[in-house]
Amino acid sequence: MKNLFEELCKDYRFKEGFHNCINCGTCTAVCPAAEFYRYDPRRIVDTVQTRDDAQIEALLKSETIWYCGECMSCVTRCPRKNGPGLVVMALRELSIRLGYFTESEKGRQMLPLTRIMTGNILKYGYCIHPETFRFEDHLEAGPVWKWHMDHLEKSLERQGANYMGDGPGVLRKIPDKSIAELKSIFDVTGGTERIEHVEECSRRKADEMGMEYDEYERYAFEHCSETHFNE
Amino acid sequence: MILEGKQRIWSEYQKDIPDDHWYYVRSCIRQNFFPASERMFTHIVKDVLGKDLYETPHHTTCGGIAYHCDTIPQETAMTIVARQFALMTEAGYENYCPSCITSFGNYAEILETWREYPELEARIREDLWKACRREFKKPRYLAHSSDLIFHWRGEIARLAKKRLMDVRTGQPLRIVEHIGCHYAKMFPSKGVGGAEYPYVLAGMVESWGGQVIDYPERRHCCGYGFRQYHVKANRGYSLSNTYKKFESMEPYHPDAIVTNCPGCPYFLDRWQYVIASQTGKTYGENGHGIPVLTYEELAGLVLGYDPWDLGLQLHQVAVEPLLDKMGVEYDPKAKYLGLNKEDLMRPELPTQIKCY
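For the protein sequence lines, the chains are H and L, in the order given.
Under our numbering, the first residue of the first sequence is numbered -5, with each subsequent residue one higher.
Under our numbering, the first residue of the second sequence is numbered 64, with each subsequent residue one higher.
If you're looking for bench data, these hints aren't it; they were derived computationally from the structure.
Values in this document were obtained by computation on a predicted structure and should not be read as measured data.
Be aware that one or more of the hints could be misleading.
[As the list claims (entries may be wrong)] Cβ pair distances, simulated, as ranges:
1. H/187 x L/406: 45 to 53 Å
2. H/3 x L/226: 51 to 59 Å
3. L/197 x H/207: 33 to 41 Å
4. L/218 x H/0: 53 to 61 Å
5. H/18 x L/367: 49 to 57 Å
6. H/73 x L/68: 38 to 46 Å
7. H/190 x L/414: 46 to 54 Å
8. H/3 x L/198: 38 to 46 Å
9. L/84 x H/221: 52 to 60 Å
10. L/192 x H/160: 38 to 46 Å
11. H/207 x L/314: 31 to 39 Å
Even glycine gets a Cβ: it sits at the ideal position worked out from N, Cα and C.
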C-alpha cells in the first residue's frame, strides 16, 4: 500500500487546500452540507492532518467524503487559507483511483454520475443535454418542464435556440470534429481510463452485492438511507 | 472607520473590464433551462450596445460540472479548457467571457493553478498538442457575462423603457440578489466586489431603480451541490438549502430575485414549486411564489422587451406579479404560443402555487 498522505500531497487541489488547520470550525459553521448531512468538514481536515494512513483509508472508504457539494463557501471563510472543499476533492480522487469508492452508498453513485456526465460530454459536447434530462427523472422540474419537453423543438425555436442546428447559437449541434477532439482529450489525459475504471470497480461491487448491473446503477441513483441525515 | 484602509481593501475587488472585443462561450445549464437569456445577452451586447462579441460553434462544455461531480480527472478538465483557449487564440481574441459561473470559477481556478505551478501548465500544453494539435495563449481578461452587463449597466439604464419601480406606489422594487458560489468564493479578487460584498448584481439593481435587500442567508448556496442534485437520491440536500434561503428572505418581502449563476435561478424557481406542492407554503403575495430572474431577463424587461421573447414562460413560478408591478404590457394568451403564434397547448397548472 502506498502512503496515502503522500499520495494526497501530489494532488494540486490538496496543495492549495491543505495548510494548517486550527480546528476553529468556521468551515463547518458555513457549510451547506453540514446542516443537512452528518458531516463536519473540520473533522475531515483534522483527520487528514494526523497523517495516519489507517484513519485516511477509513475516510476514503466512508460516506463522509461524498457529502460535500463543492460550493467552496469554506474557502472564503477559513482564517488560515485552507480549502476543505479542495481537500475533499483530492480525497474523492484518491478514493476513486484506489477503488475504495464502492465501499460506501454515496461513493457508489459514481457509476450513474459518470455515465450521465461523461456520456453527455462525449456524445453531445455538453454536460447537460435535453435528450438525457428526462422529466421522469426530474419531476421537480415541474409541469412547465414537461410541457417544454413535450414540445421541445418548437419551444426551443420560440426561445431563439439553434437546437441541434449547424453554426453558433443555443444548444447547437457541436460539430463531429469537436466531439472527436473531446474524445481524444479523454484518451490522452486519463478521462477514458477513469470511465473504464469506475465501470470495472462498480461491476465487481455489483457482483459482490448479488445485484444485476442495471439494478445496481438504478439503486445507486435512487436509494438514500436514513443514516446520512442530521437529526 | 479608517477610510484609507477601507478604500485599499475595496480596491482589491475592483475589476478591469475591457469595453469591447469579447470571445463568448456558452453555459450547458443555461442553454437548457434559460435558452432565451443567452440569446438576449448576445442581442444586447451586439445589437443594442454595438459591441464585438464572437462565438464559434466549435466550443464545447468546459467540463466544469463533470469536474465538480468528480467524474473527470483534473487533467482532463484542464485540457478541455486549454482547447477552449486555443479556439479563442485562433479567432484572434484575448478577452474571454463565459456565460456560466461554474465555468468562470473553473477558468479562474485553472489559470491560478497554472500561475502557481507552471510545470502543470506545460504538461497540459503537451496534452492538448497530443490530443488536438492545438496551441493557445491564456486570456488577457476573464470576465463573466454578468460582469459585462454590470459594466454597461449605465448605458442600459439610459436606454431603459421600464424601471425597477412599482408603478402603482412609485416605490423601488425590493430585489434579492443571489450570486453563484463559484463567482468569487474561491477567488474573491476575480469578482466585482469580492465574495462577501459582491456588487455585480447589486450595481445593476441600483442603476435600474430597484432596492437591494439584505437578509441573513444572503450568501448561502442555493443548494445545487453538483452530485447533490444530479443524483436523484441526494436532491433533499438541494431542496433543504433553497428552503433555508427562502425562510430567511421571507420577512423582507422581496418582489423578485435576480441571479448570475446557471443553476441558481432554476433551483430557486423549481424548489419553490416543490415546497408549495409538499407543504402548501408560498413565499410571494397572494399564493404566488417570488419570481426568480436571470440578469439578462431583468435587463430585457428594463429595456422593454416582451416577456415571452425573454423566455419567462419557462419559469415554474409565475412572473406576472412582477410584470404588473413594473407596468410591463404582455399578452397572457400569447404566453405558451410557439413561433408565428403556433398553438403548443399549455402546461398543466400546479394547484398549490398560483400560476398562469
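- For this structure, which hints from the list above don't hold up? Violated: hints 6, 8, 10 and 11.
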